[in-house]
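Reminder that position 184 of the sequence shown reads as 184 in the UniProt record's numbering, one-by-one numbering, no gaps.
Check before you lean on any hint, since a few could be wrong.
No more than 27 angstroms apart at the CA atoms, straight line, and that leaves these computed lysine-lysine pairs for DSS-like [claimed, not checked]:
1) 299 <-> 350
2) 226 <-> 214
3) 200 <-> 214
4) 229 <-> 310
5) 350 <-> 300
6) 229 <-> 350
7) 350 <-> 271
8) 310 <-> 200
9) 229 <-> 214
10) 229 <-> 271
11) 226 <-> 271
Hint data in this document are derived by calculation from the structure and do not stem from the laboratory.
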Amino acid sequence: MLSSRAVPAARSGLRCLNSSASAPAVRATQQCRRTFLRPARSNGGRVSETINLKRMRDQSHDYQSNRRAILLGGAIAGVIATCYTTYRLVDAVRNPTRFDLPPDKLDPFVIDGGVKRKAVVHDDEGRELVPTGNSTVQTFPRTIDLHLGAQGAQEKVNGVEYTLVGLGVRTVSFLSIQVYMVGYYMATQDIAAIQARLVKEINPIATTLVANEKDELRQALLDPVKGEKLWGEILHDVRPRSAFRIVPIRDTDFHHLRDAFVRAVQSRSQKTPAEYGDEQFGVMMKDFRALFNRGKFPKKQELLLIRDNKGHLTVTHDTTGTGAARETIGEIPEERITRLLWLNWLAGSKVASEPARMNIVDGIMEFVERPVGTVATQVI
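Whole structure, please, built from the sequences with the hints as guidance.
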């Protein structure tokens, strides 16, 4: 006998069985589950959910922010890749690689008897040239003869021969854009004094350096602190006559060079303000800056920075790039400016051209292996 509470449940079960006779089995089973196993819903079987509008708004904002950041990053990367690819293509079209030259004429060094030495070629007029490995500025003269920038009337008349010690390319930005080729020349007559100073730095009683001593000197020249100290002493005490020859690889202007030179001198002078903080140095810096208040500096032209035996600076410009039409821009009678400017290429933690610094050190190694006083014109 069924109780009063069981009667509605039984009737519900009968409704489920009766409905199964006129509907598919799956639908009848679902109806039985809704009515027999669970109480009927008051909302007619529809499921309701509380919607959190703030959470949805925050999620949408985060999604849109991340989407914008990703799209912006992709756009920037695409622009950089396009600019770099365009630059490389244009550079390759304008300056094609000279595959017709043998490797020894593209490389500024050759191996001679197991020793790394600079390669020397000759042009149609018999002049000695050193290949740079660059397709735009392909060679530098092995020697240059200057009739200015030296102290003494006799030297100004007869000229002074300068011999190439090392060269390299100056690059800027993370794209390694090539700006100019720079070569370091030393007065041939002053090489013996430099040779003696470098040899005595490693071995005070020696006249030449052996293999392990050469390695010690190389490490000292490349060390940021030791190298700057050693070159600073040479430039200040020995004062060899020397010159830097600059030839642009692409069109530039004197203002860019001026800004780079001034920044280099000022950054190094700030390390010891007591030595460079006087009024005379400031006046000379203004004159030095004014030397380069000129216009364009097209590629393949020549700029010479010449340091005499008093440390005074003479600047010349040649529009032909061959040295046939050198014009004196001006002079700066201040040894400290040229010393700091020379160190910008020779030594320190940061130099204007690391390939040039390495090549100059290789050139130094070529003549410290020989007895002092026997180098003369046989540097290269």
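These are the hints, each one checked on the structure:
A threshold of 27 angstroms between alpha carbons decides the hint, and for residue 299 with residue 350 the separation of about 25 angstroms falls inside it, so the pair holds. For the hint linking residue 226 to residue 214, the alpha-carbon distance of about 15 angstroms falls within 27 angstroms, and the restraint holds. A threshold of 27 angstroms between alpha carbons decides the hint, and for residue 200 with residue 214 the separation of about 12 angstroms falls inside it, so the pair holds. In summary, the hint linking residue 229 to residue 310 is supported, as the alpha carbons are separated by about 19 angstroms, within the 27 angstroms threshold.
Restraint check for residue 350 and residue 300: the C-alpha separation of about 26 angstroms stays at or below 27 angstroms, so the hint holds. Restraint check for residue 229 and residue 350: the C-alpha separation of about 14 angstroms stays at or below 27 angstroms, so the hint holds. As the CA atoms of residue 350 and residue 271 are separated by approximately 14 angstroms, the hinted pair is consistent with the 27 angstroms bound. With a CA separation close to 23 angstroms, the supplied pair residue 310 and residue 200 stays within the 27 angstroms bound.
Our distance criterion of 27 angstroms between C-alpha atoms is met by residue 229 and residue 214, whose separation comes to about 18 angstroms. Annotation: proposed proximity of residue 229 to residue 271 holds, straight-line Cα distance about 13 angstroms (limit 27 angstroms). For the hint pairing residue 226 with residue 271, the CA-to-CA distance comes to about 15 angstroms; that is within 27 angstroms, so the pair holds.
Every hint from the earlier list agrees with this structure, and none is contradicted.
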